[in-house]
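So the sequence lines, in the order shown, correspond to chains A and B.
When you line the first sequence up against our numbering, it's residues 1434 to 1844, in that order.
When you line the second sequence up against our numbering, it's residues 140 to 412, in that order.
Quick caveat, the hints were computed from the structure, so don't treat them as lab data.
Glycine included, C-beta positions come from ideal geometry on N, C-alpha and C.
Keep in mind that a hint or two might mislead.
[Stated by the list, open to error] In silico DSSO-like cross-links for lysine-lysine, where the CA-CA straight-line distance does not exceed 30 Å:
(1) A/Lys1573 / B/Lys176
(2) B/Lys142 / A/Lys1571
(3) B/Lys142 / A/Lys1521
(4) A/Lys1521 / B/Lys321
(5) A/Lys1573 / B/Lys250
(6) B/Lys250 / A/Lys1571
[As the list claims (entries may be wrong)] Facing chain A, from chain B, some residues (calculated, C-beta under 7 Å):
(7) Ile199
(8) Ala409
(9) Val412
[What the hints assert, rightly or not] Quick list of the computed label-pair ranges, beta carbon to beta carbon:
(10) A/Glu1638 / B/Ile302: 46 to 52 Å
(11) A/Arg1448 / B/Gly213: 38 to 44 Å
(12) B/Leu283 / A/Gly1597: 39 to 45 Å
(13) A/Gly1597 / B/Gln181: 39 to 45 Å
(14) B/Pro330 / A/Gly1676: 56 to 62 Å
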Amino acid sequence: MKDIIEVKNLSKKYRYGETQTYLTLRDSITYLLSKPFEYFKSLKTQKLQKDEFWALKNVSFKVKSGEVLGIIGPNGAGKSTLLKVLSKITPPSSGEIVLRGRVTSLLEVGTGFHQELTGRENIYLNGAILGMTRKEIKTKFDEIVEFSGVEKFLDTPVKRYSSGMYVRLAFSVAAHLSSEILLVDEVLSVGDADFQDKCLTKIHELVEGEDRTILFVSHNLGAISQLCDRVLLINEGLIIREGQPREIVDFYRKQSIYSEYSRRSFSGNLTNTIRVKKITLNKAKGHYYSALPEDKLEFVVEGRTIRSIEAFRFTFAIFSESSRLFSVHDVEGHKTRLKKGSFRVYLSIPPYLLRPGRYSLAFGGHDLGMKNNFWGENVLNFEVLEKWSKDNQKINVGIINPPGCISFREQ
Amino acid sequence: MKKITLIRARNRWQLIYLKELWDYRELFVIFAWRDLKVRYKQTLIGAGWAIFQPLFSMFIFTFFFGNLAKIPSGGLPYSLFVLIGLVFWTYFSGILSNASNSLIENENIVKKIYFPRVILPLSKIITCFVDFVIAFVMLILVALYFNKIPNYQALIYIPLGIIIASLAASGSGLFLSAFNVKFRDVRYALPFFIQMLIFLTPVIYPLNIVRPSFKYLLALNPMTGVIESVRTVFEGGVIGWDTLGISLASSIVIFIIGLNYFRATENYFADIV
């Protein structure tokens, strides 16, 4: 049997800035006349113009009928673009896709819901937009309503719904689609935990009950390893790796792109003033940060500040399983000011202090009154490898391991 | 039999995918139904607006142009004469302005889901047709009042007029909606443009007060032929196929140009809008 989805050398480029081109004949002619050399160059080579970038680059993969394929990767990796191209919302720049079956895409929960219409009316509207026929909706109507749990409000305009009810109704319609190929983008991040569980169970049912092929984009790595038969890891428009869910999810967790993703998650009012460019551990350039117990751990944060900040000090913390082991402050900081320009901050942890295990680094800073601050957790994930010796014995159960602090003398 | 979809950078050019439109036929109705449902929510007189607008304009125009300016109105009383023009003009301008804004208004849907995009502007024909039917019933009542009952010709020329008006309005609507995605100027220019266009259409004056050579130029505006022929039907006169023919041809050309531009650009709507 032929593969239900075949993607061959798929590429998609976008342009930075405000305007995307229409690529009409007339646009091409204008381009040809205004920049003739660049025009022919762009035809021959597949090269990018100055202000363009690849959202997807030579992506190829196949999906068998009935398979559930997970797609993971950091923000901006191209996952959503891939789904958009697959669902014909936007055309590829080159390459080819063959889809053998009816496709529905669920890139957002509640697409086309109209605030003024009632729940009942919106079920029909949303169903039709997602590609269901009236007949299909009618036969599934009761099921949809029951699953959503909003029976009582069926004839109330959805503008009076709570956001939870809204999402539940919207997901219920989508969950009852009956196409052969279903493209799902990060829709499980909505609703409360109870409802998310219900959704996962529903997706399980969909997968097992019928011959359904699902492409599933999510940041929820737990759900990915639970639901998928196979996983693609994407970064910067390229497929980095594909394989068994456990293997790929583990690989991704260890990768620096995983922490790079979290590196963007600084909070506080100085997030845009202070830019962290690079964080290294023991000068390691590789993706996998690991050290031996006897290694001294030296972290270097390189960054830039776009203006001077008075009485500013940096601070680090080490976390293990989301509990804080310790934090340290650069106490001298408050006496001087952080000058505009590049800076480096060092953190040095003596050997043997951390027991073998997984850790994450948090980094931030604040001024004297704490009014100006920034803070980011999980900015770098690292592992201290399991190697036991005299200075860190396995028997010393605990969170940290102060080496050589015990002695015994007979008197 | 499974449906096979092939996606490439440039698909084979086709003016319209009839098969695909047929598959999505229900969406036409659903969009139109949504618009009708939403349009008169939280209004006092609801669909009464479909009658009120042309009727009120009729009174104003009759007073200023009929009684004061004494514009001739052929074999019809001026109020009936101007009402015919207004009912068809409202239908035309309704489709034109609604279709032009349809893609922008439904931006969130266009970005998140695929369907043949032409459905959005074209479904406005259905929406406006419902209003037109209401207004047309009122027009017949006014005609009965003046004892001007159209003869059998009405069965040919009124549907033909509706077809020409629909083609012309949706053709320019298709063009402007696609243009609007990239250049939002349409939103500001269009109301003004429609206001001006009513004077280039014989809504408040009869076509025969302009010079004969100028007549053919005006006939390039499809609504000229439509309004003139419908009036002739109510007068019980003989239809002049010269203006109507030009208007019919012009509406077909407008529709093809509009659809062609739309089809050439629609792939990129989601990226640009």
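Now for the hints, and whether the structure bears them out:
1. A/Lys1573 / B/Lys176: Holds, because 23 Å separates the two Cα atoms, which is no more than 30 Å.
2. B/Lys142 / A/Lys1571: Answer holds: lysine 142 of chain B to lysine 1571 of chain A is near 23 Å, not above 30 Å.
3. B/Lys142 / A/Lys1521: holds (15 Å)
4. A/Lys1521 / B/Lys321: OK: lysine 1521 of chain A and lysine 321 of chain B at ~20 Å, within 30 Å.
5. A/Lys1573 / B/Lys250: Measuring from Cα to Cα gives roughly 27 Å; hence the hint holds.
6. B/Lys250 / A/Lys1571: holds (27 Å)
7. Ile199: Violated. Min distance 32 Å.
8. Ala409: Since the shortest Cβ distance to chain A is 5 Å, the answer is holds.
9. Val412: violated (10 Å)
10. A/Glu1638 / B/Ile302: 46 to 52 Å: For isoleucine 302 of chain B against glutamate 1638 of chain A, whose Cβ atoms are near 50 Å apart, the range 46 to 52 Å holds.
11. A/Arg1448 / B/Gly213: 38 to 44 Å: violated (57 Å)
12. B/Leu283 / A/Gly1597: 39 to 45 Å: Roughly 56 Å apart at Cβ, these two residues miss the hinted range, so it is violated.
13. A/Gly1597 / B/Gln181: 39 to 45 Å: violated (25 Å)
14. B/Pro330 / A/Gly1676: 56 to 62 Å: Between proline 330 of chain B and glycine 1676 of chain A, where Cβ atoms are some 58 Å apart, the hint holds.
Checked against the numbered hints given earlier, the structure breaks hints 7, 9, 11, 12 and 13 and satisfies all the rest.
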